Every structure is written in C-alpha cells, then in structure tokens.
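S.K.: Sequence:
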Amino acid sequence: MKYINKIWSGALTLLLVTSCADDSLLDYDKVEKPQSIQTYEYLNEYDVLKSYVNRDANPNFKLGVGVDVGAYNNTGYYYDFISSNFDEMTAGWEMKHSAIVQEDGSLNTSRVTKFMDNAAVAGLTIYGHTLCWHANQNAAYLNGLIAPTVIPGTGGPAWEPIAEQDFEADEESNYEYNTNAIVEFTADGEGAEGTGRAIKVTNAEVRTNDWDCQFFVSFDETMVEGEKYRLTMDVRSDDDASFGTQAHSTPYNYLHWDFFGNISSSSTWSTFVKEITVGPNVNGTGALAINLGNTATSYYFDNIRIEKLNESGGPSEPSWVVQSVADFETDDASNYQSNDNAPNSFTADGTGADGTGRALMVTNDAVRDNDWNSQLFFTFSPTMEEGEKYKLSMEVKADINASFGTQAHSTPGNYLHWNFFGTIDATTEWTNYTKEFTVTAEAVGAGTIAFNLGNTATNYYFDNIEVTKLVEDTGGDQIIEKTPEEKEAIISNAMETWISGMMEVTKDYVKVWDVVNEPMDDGSPYNLKSGVGRTDMPADHFYWQDYLGKDYAVKAFNLARQYGNADDIYFINDYNLEWSIDKCKGLIQYVEYIEDQGAQVDGIGSQMHISVGADKEKIVEMFELLAATGKLIKISELDVGLGDGKQTSEATEEDYMAQAELYQFVIEQYFAKIPVSQQYGITAWSPTDSPAESSWRAGQPIGLWTEGYTRKHAYAGFADGLNAQ
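For the sequence shown, the working numbering begins at 1 and goes up steadily by one.
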C-alpha cells in the first residue's frame with residue numbers, strides 16, 4: 001500500500017487535521033478511536049489517486065476528472081486538489097457552445113484561455129468537451145440564423161375582425177346563451193337600418209344577479225395583455241335598459257366583471273362602439289358575456305363585431321415582394337447552384353452589371369445534345385401556387401450571342417415543366433431581362449428556375465437575379481420561410497465558424513476532443529436523436545442533425561481535423577452504452593458510417609453514469625464490443641450512484657461499500673477487456689459527492705470524496721481498480 005505523498009500532505013494541511021479520512025499525521029494510539037474513525041482510517045494509507053496508474057505498463061493512460069473551471073481558475077484549494085490527483089481535466093460546461101457563443105455569434109474564450117494557462121502550470125492536459133452536441137447550445141442564436149424573413153407591413157395600423165355575427169344565417173357557431181335567455185330571430189326587414197334580421201333575446205324577469213341571464217359571443221384568438229380591441233354592435237330594447245359586459249376565457253368561465261363597460265339601449269336602434277387595451281384581468285379572454293338580468297325586457301342585437309388592432313399594418317396597394325435575390329457580392333451560394341456541365345465562378349470586382357461589384361460566370365464549354373444538359377439553378381421560397389403572379393428580373397450577357405430557355409423545377413434537378421420564364425436572349429453587352437409569369441397548373445410547386453445553357457458553347461454572366469411575388473394585400477407582415485437547403489447551408493456555416501474558432505484558440509494546448517456527443521436515440525438506438533416534433537424542447541437544445549442530416553458528424557470530424565492539429569485525437573461519446581447493448585451497437589454502426597463517408601474517428605467514449613446494482617454482464621459485454629472496434633476507448637464520465645436517486649443523507653455503510661466495489665469492478669474490467677494499446681483513460685466525472693443544489697445527480701453521494709474532501713470507500717475501490725493494471 002502506498003503512503004501519502006509528502007508534497008500533497010503539505011498542500012492539504014487543513015484537510016488532514018480536520019478529516020478522518022486524510023489525517024494520517026495524527027497519533028491515534030494515544031486515545032481510543034471511535035468505530036466510525038476506525039472504519040475509514042485505512043484510507044489514510046492510500047497515496048494520491050494518480051499514483052496508482054501503472055506508467056510502465058501504459059505510459060499514455062490518462063486519469064481524468066470533470067472539473068468546475070471557475071473554481072479551478074481561482075487556483076486555490078480546489079486547484080491543488082485536482083492537480084495532485086489527476087492527469088487530465090474535462091470542463092463540465094465552459095467549453096461548450098452555450099458557454100462560448102455570444103448573442104451575436106462571436107466567441108468569448110477568455111475563461112478557456114485562463115483554464116489552459118492554469119492547466120499548463122500544473123502540468124495537466126485538457127480533454128476538449130464538446131464540439132457538436134444537442135444540449136448546452138446557444139439555441140437562440142442558431143434558431144435566429146434560420147428564422148423566417150419578416151417584411152414589415154406598409155399599410156399602417158388597421159382593425160382586423162376576430163368575431164362577426166349579423167344573424168342572417170341560422171348557424172350559432174360563435175354565440176350561445178344560458179337557460180334564462182329566450183332567443184329567437186326577428187322577421188326579415190327588422191334588423192338594424194330596417195334590413196335583414198336581428199336576434200331577439202328576452203329576459204322574462206328581473207334576476208337576483210345581472211349575470212343570471214347571459215348572451216355570449218366567442219372568438220378563437222384569446223386576448224393578450226397590451227393588445228387593443230374594439231367592440232361594435234347595433235342594439236335596441238323594448239324598454240330602456242343598461243347592461244354590463246364580462247370577460248370569460250370561454251362561455252361560463254369567468255375572468256373579470258368589467259370588459260367593454262356598460263351598454264345603454266332604448267326602443268330605437270343605436271350603435272355601440274368601445275375600444276379597450278387588454279389589462280392583466282382580462283388576459284386570456286376568449287368570450288364576451290353580455291349580462292341582461294337587471295331589466296325584464298326583450299333585447300335586439302345586430303352586426304356584432306369584435307376587432308383587434310394590427311399594429312403592423314392593414315391593406316395597402318398590391319406590391320412585388322422579394323422571394324429570393326442574389327447579387328454575388330458575397331460567397332453565400334445558398335440559393336443557386338449549377339450542374340457538372342456548368343461550372344461557375346465569380347468575375348473580378350468591377351466587372352459586374354453597370355461596371356460595379358462582381359457577377360457570376362457560368363461556362364458551357366461544348367454544345368450539348370440537350371440544352372438542359374448544362375444548367376444553372378436559382379431557388380426561391382415558398383413554392384408557387386396556381387394563380388399567383390411572379391416576376392423574374394436579372395442582368396445577363398455572354399461572350400457570344402446566345403439564347404437559352406428556362407424550366408420550372410421543384411428543387412434543382414427535379415423537373416416540372418419545360419416553359420417557365422420564357423426564352424432569354426444574351427448579347428455581349430449587359431442587358432436587363434424582366435418577365436412576369438402567372439403560375440399555371442404545370443408550375444405548381446416550383447421553387448427553382450433552371451436556366452438551360454447547353455445550346456451554345458460560351459461563358460454566360462449573371463448579376464442581380466431577383467424573383468418577386470405579387471402580393472395583393474401587403475398590409476400585414478410578410479413571412480418568408482427559409483428552404484431546407486438554405487437552412488442546411490446556414491447551419492453548416494455556423495458549425496464551421498464554431499469549430500474553427502475553438503480550434504484556433506485551443507489547438508496549441510488541447511490535443512484531444514469529444515467531437516460528437518450523444519448522437520444516438522434512446523428509444524431507437526440505431527438511429528440519431530432528433531428534435532423534430534418535440535413540444536417540450538429545452539431552451540438550450542439544438543439538433544444539428546435535423547438540418548445537416550446523418551452526415552452532420554462527418555462534417556464535424558472533418559472540420560475538427562481541418563482546423564486542428566494533424567496528430568490530434570478525436571472521440572465520439574455517448575451514455576447508457578452499458579445499459580443498452582443495442583445503443584452500444586448502434587453507436588459502433590454510426591462510427592462505421594462516419595468512416596465510410598471519409599472521416600476518421602479515433603476513439604469511442606462511454607460515459608458510464610451508473611448506480612449500484614448495474615448489470616455487470618452488460619458492462620463486460622460493452623467493453624468487449626468496444627474493444628473489437630480497434631478504436632481508443634475511454635470511460636469518459638464515470639460516476640456511481642447508490643440507486644433510486646438515494647441521497648447522501650440516506651446512505652448507509654453498506655451502500656458505500658457496494659459503491660466502492662462497483663467502482664473497482666468497472667475499472668478492473670476496463671483493463672481486462674480493453675487492450676493496452678486502446679486504453680486512452682478513465683475520467684471520474686464528479687470527484688466529490690454532488691451538492692444538493694447541483695444540476696447533476698443533485699444531493700447524491702456519487703464521488704470518491706465527500707463534499708468536504710474526505711476520502712470514501714469509493715476512493716479505495718477506484719485506487720485498487722487502477723492498481724490492478
């Protein structure tokens with residue numbers, strides 16, 4: 001048994017004189033030792049944890065630990081504790097997307113830089129965690145990149161109806177009444193202004209409460225605090241009367257006694273108009289209740305109308321709204337592409353239309369059998385619907401005179417119709433081509449213009465391509481959704497910006513990374529996780545694979561290798577591999593897929609957040625499956641709970657002994673089943689027991705030390721497991 005390192009004991013003087021587990025310097029022979037101290041006294045005979053790694057057998061093995069970077073950067077007791085016991089650190093949060101990427105997309109790496117500096121002083125390495133994950137993402141920023149384009153309305157504020165009723169039809173879809181209200185229609189010609197009909201509501205007697213006789217008008221859109229609404233209606237009664245209005249969420253579900261105020265009626269028709277701003281008491285209202293119980297009479301209502309003020313704008317003159325545009329001044333190619341027979345490139349600056357900026361040059365170097373064998377595609381969104389009007393406008397020229405047609409495609413290469421925006425004539429001088437088109441049945445669903453360039457062998461030049469749509473009523477905001485192709489391009493660029501930025505800052509010190517974390521689905525373990533259809537999406541979740549597809553990991557590994565060091569080590573990592581053997585197999589299959597696409601995966605990490613009672617046979621099987629891959633294998637986040645979420649306050653001595661035994665078993669099996677050449681290392685995810693306020697296994701005694709840094713039986717189990725190499 002190794003004894004406590006003297007340098008470490010000097011650094012932990014305070015710990016040693018206060019802890020029954022690390023106080024080997026005290027002379028217990030002079031006093032009778034309590035049983036609780038005797039039980040743990042043997043732990044004082046253990047050395048620092050990393051001393052149990054057999055460096056002769058495996059000089060590259062890393063004993064890692066999950067750390068609180070903020071606490072480590074304070075370079076106090078926690079810093080000494082971590083540095084003395086471990087070889088390598090994994091940041092719990094501070095190297096993840098949400099910790100680094102700011103609201104504007106910039107990267108704040110100041111904490112990471114300080115972390116690397118402090119690690120270098122202590123001689124510890126850092127395991128990068130993590131480049132591509134669905135959790136701990138700045139999802140607000142990423143979702144903002146792919147949010148719809150909103151073109152504000154131009155017509156000025158306008159009142160928009162949310163409920164209307166003129167009682168000319170028998171349908172009662174948006175009104176009802178209680179049993180004390182006797183309802184019938186008037187004769188035709190007895191409505192307001194002597195036209196049509198009205199509804200007659202009779203309250204036969206004075207009621208105890210005015211709401212004992214009620215007439216309701218409902219609307220689908222519930223009110224939100226701060227919005228403005230207007231009630232308009234024509235009203236009269238056989239006798240003079242005054243009646244109030246209530247706010248209900250739905251009929252009979254009362255919210256507030258005062259809604260649109262009191263309404264007065266007489267024997268002649270009058271129009272009532274009242275505007276309100278929704279206050280907190282009527283927030284969520286979906287029904288107007290008219291209280292008729294105070295007066296025994298017959299009431300008549302016509303032309304009831306409830307309107308909401310649309311601040312964005314009401315109707316204005318029809319206008320052309322941009323659906324897609326490209327001026328080729330940036331490298332963004334999200335809305336255009338060409339096929340293999342039509343390579344494209346940018347012209348020099350100053351050679352675009354009007355002698356400014358640049359243009360897109362598309363080369364067709366031979367006359368083709370079919371004009372469509374050489375094509376440039378220009379995409380737009382949303383796709384066309386029959387009867388809509390569109391306009392194509394662009395500047396065009398060619399090295400020699402040429403004429404080319406246009407086809408309608410749903411997406412590039414998916415043909416719909418041969419005649420779209422007509423035939424375009426290009427000369428050696430820039431000319432503007434503008435053509436309007438009313439969508440026919442053949443072009444329904446079109447989202448792409450295909451320019452057929454194969455008839456003439458020449459260079460074509462395009463600039464300022466714009467597709468617009470005629471919107472008859474542009475009063476409200478226009479919402480233009482991005483296409484899946486546009487979203488893919490945007491998110492692909494965001495991934496590259498993130499990974500390249502992290503590599504630029506860390507590559508001189510961080511040589512190993514979790515590139516992809518937790519890709520496999522729990523319920524369908526041979527498939528990737530997805531956020532599609534989730535209604536309970538956490539605010540920091542963003543699924544890269546939903547936009548980049550199955551190859552998202554291929555891209556992530558390739559980017560890491562492109563911007564990192566040639567000899568860096570890159571892992572894929574997941575959890576529950578020891579619990580679900582199918583998930584372990586699914587991850588291995590995905591690694592094979594990634595490498596089939598040309599990327600390289602160096603290692604596989606198994607998190608192993610487990611508990612006493614875990615299936616040991618499955619643990620062994622997992623190690624055997626992972627070993628068979630030939631990859632480096634790492635236990636990346638090992639911690640052992642007591643089962644059923646048992647808290648520190650509930651733990652027994654038997655629990656702690658079982659915990660120690662499981663720690664030892666896992667580590668021994670790792671060394672037994674994983675060949676030495678594949679043994680990257682083991683990381684203790686939580687070195688101390690988890691505090692009650694922690695976000696991870698809160699209040700559970702999962703550590704090798706207590707919260708007060710006292711060694712536990714788990715420490716011995718872990719050390720003995722390492723010693724078994």
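These are computed hints drawn from the structure, not numbers from a lab. Watch out, some of these pointers could steer you wrong.
[Stated by the list, open to error] Calculated pairs, EDC-like style, for lysine to aspartate or glutamate (alpha carbon to alpha carbon, straight line, at most 20 Å):
1) Lys616 <-> Asp568
2) Lys200 <-> Glu227
3) Lys550 <-> Asp522
4) Lys200 <-> Glu225
5) Lys389 <-> Glu481
[To be verified] Label-pair ranges, simulated between beta-carbon atoms:
6) Glu707 <-> Arg534: 34 to 44 Å
7) Gly533 <-> Tyr42: 48 to 58 Å
8) Ala333 <-> Glu160: 32 to 42 Å
9) Asn527 <-> Thr427: 50 to 60 Å
10) Ile151 <-> Gly549: 22 to 32 Å
Computed from a prediction, not measured in an experiment: that's the story for all the values here. Built from N, CA and C at the ideal position, the CB exists for glycine as well.
S.K.: So which hints don't hold here, by number, going up?
M.R.: 1, 2, 4
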